[in-house]
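We have chain A already, so just place chain B on it with the hints.
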Amino acid sequence: MNRLRLTKTIVFLAALVPLGRLVWKALHDGLGANPIEVITHSTGDWTLILVLTTLSITPLRRITRQYWLIGVRRMIGLFVFFYGTLHCLTYIWLDKFFDIHEMLKDVAKRRFITVGFSAFVLLIPLALTSTKGWIRRLGGKNWQRLHRLIYFTGILGVVHYTWLVKADLRKPIEYGIVLAILLLYRVGVWASEKASEKRKQPAMPAPARSRAEVTKA
Amino acid sequence: MLIGKPPAIPSSEITPKATYLNRRNFLAGAAIAGAAAVTGVAFHDLADLVAPALTAHANAKIDGLQKSGFSTTEKETPYKDVTNYNNFYEFSTDKYEPAGLAKNFKTRPWTVTIDGLVKKKQVLDVDAIIKMAAPEERIYRHRCVEGWSIVVPWVGFSLSELIKRADPLPKAKFVEFTTLYDPKQMPGQRTSVLKWPYVEGLRMDEAMHPLALLCFGLYGEVLPNQDGAPLRIVLPWKYGFKSAKSIVRIRFTGDQPMNTWQQSAPGEYGFYSNVNPNVDHPRWSQAKERRLGEFLKRPTLMFNGYDQVASLYSGMDLKKNF
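Each protein sequence line maps, in turn, to chains A and B.
Under the working numbering, the first residue of the first sequence carries the number 20, and numbering increases by one thereafter.
Under the working numbering, the first residue of the second sequence carries the number 2, and numbering increases by one thereafter.
Hints in this document: simulated from the structure, not taken from any laboratory.
Possibly wrong hints are sitting among the right ones.
In silico DSS-like pairs for lysine-lysine, Cα to Cα no more than 30 Å straight-line [as the list claims (entries may be wrong)]:
#: 1; chain 1: A; residue 1: K190; chain 2: B; residue 2: K298
#: 2; chain 1: A; residue 1: K44; chain 2: B; residue 2: K76
#: 3; chain 1: B; residue 1: K165; chain 2: B; residue 2: K107
Which chain A residues face chain B? A few, computed with CB under 7 Å, are given here [stated by the list, open to error]:
#: 4; residue: A52
#: 5; residue: N53
#: 6; residue: P54
#: 7; residue: R129
#: 8; residue: A186
#: 9; residue: D187
#: 10; residue: Y194
Don't be surprised by glycine CBs; every beta carbon is placed ideally from N, CA and C.
Chain A on its own, in the form it takes in the complex:
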């Protein structure tokens, strides 16, 4: 498990680089003319990048047969929550200055805020149930089912981005394409499992099912 620990350390440090960079720039007058805009965009970008990163772990470990990679996924997921929280905080604090009335109006009226906020809210149960205790309490299968909410966070996140830009859709489209590939991969796996289940069902009914469940992640 040495390899996993090394990888986890590297991923942990790497995931802190975007924040470190912002702090460094803030301390060195490097955030440009509109620092709050830079902080908002950067934390938002990294939330989405990390959502895509967690979603790529499953395909990556299967394709490369590096099954131990699952060991870093939860940490990356927590970094999604970390950057999502920072992104949300820049909005609540630096953009709206805790003006609850303004924020409620925004959430109700501005669809890009509505979907962005929903994407963030969906992350909360995932972060709360990220501990070993909760995995045990929920049971692996339920836990997994709950954590598929990340798919919706990804979709809502891309929609949020698409709806907020003025005219240049290139970046949200790039994110959207990567997300679509990662989700279609899952649809493909699900469909092929369904098909092989059907084929196998008459011959060997019970054991085939449970095996399929074990490899599903």
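Here is chain B on its own, set in the frame of chain A:
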């Protein structure tokens, strides 16, 4: 061209780096390189952490500036921000990029075509236009539709000076401004983010209003390329995108011109685009703005505080004519 002595050891005898690093170190290096690739975006602008942004005043001074009664006494936005934070989609949709991408933009020779409903169609050299009237410094508030604002000491004179000399026909009800189309020089025009060339327009009485500025400088010097050189308009009571940059054509028309942003998203950007805190952009509020350099947002003022233009719109429903 080789300068200095050749290396003592022929390059063929130098051991490749990967071989002399032992395998373990090499793998660790690879892992770090991999991590660096993952956070590639983070390292991509490492250079701008080290190299401070361009702050020097680089352009020629403009002499004999007259003060203007239209100027605000509010604190001016620093030169470095006015010249490094630019919405100039002809170069890039990233506001920090036009400063670099416009560095070699050619602003001379430059002509402006005056046509449409005028007595005499003509092509004027930009230097002839600039000499038409005495240059003034006008310190204006400038409010972007995105919700940020700046205060800029522009240099120019009233647009009406040019229009009077262009001698439009009585039939002319509108003025249309066209920005240069040159994808070789303007990389943003190689994308289809907007329909090029950029077009803006004003009603004739708006264009004749003394506040409407024909601008060719800022901070007492020749207009930097990224700010719309060599010739632009500045309309302080309207959202920034109305103030067309790098103008090559001024056309007088009977019909209301179709401006680029309205064409791009008619539900979001209208022809008038007057600063109005009571009419939200469909996707965000326009009630407040962030003045660059300030932490708290400030309330946005009707017509950006330029109440003297209100009479231009008396009787008009500004919610409909946004």
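We went through each hint and held it up to the structure:
Distance hint between K190 of chain A and K298 of chain B is fulfilled; the C-alpha atoms sit about 28 Å from each other, no more than 30 Å. A hinted pair counts as satisfied when its Cα atoms are at most 30 Å apart, and K44 of chain A with K76 of chain B qualifies at roughly 25 Å. Straight-line distance between C-alpha atoms of K165 of chain B and K107 of chain B comes to about 28 Å, which keeps the hinted pair within the 30 Å bound. At a threshold of 7 Å, the smallest CB-CB gap from A52 of chain A to chain B is about 4 Å, leaving the interface hint in force.
Given hint, N53 of chain A at the interface with chain B, holds; its Cβ is 6 Å from that chain's nearest Cβ, closer than 7 Å. Nearest Cβ of chain B to the Cβ of P54 of chain A: about 9 Å, over the 7 Å cut. The hint is violated. A hinted interface residue such as R129 of chain A counts as satisfied when its beta carbon comes closer than 7 Å to some beta carbon of chain B; here the least separation is about 6 Å, so the hint holds. The criterion of a C-beta within 7 Å of any C-beta in chain B is met by A186 of chain A, whose closest approach is roughly 5 Å, and the hint holds.
Contact between D187 of chain A and chain B, as hinted, is supported at the beta carbon level, the nearest pair being about 4 Å apart and thus within 7 Å. Interface restraint check for Y194 of chain A: the shortest CB-CB distance to chain B comes to about 13 Å, outside 7 Å, so the restraint is violated.
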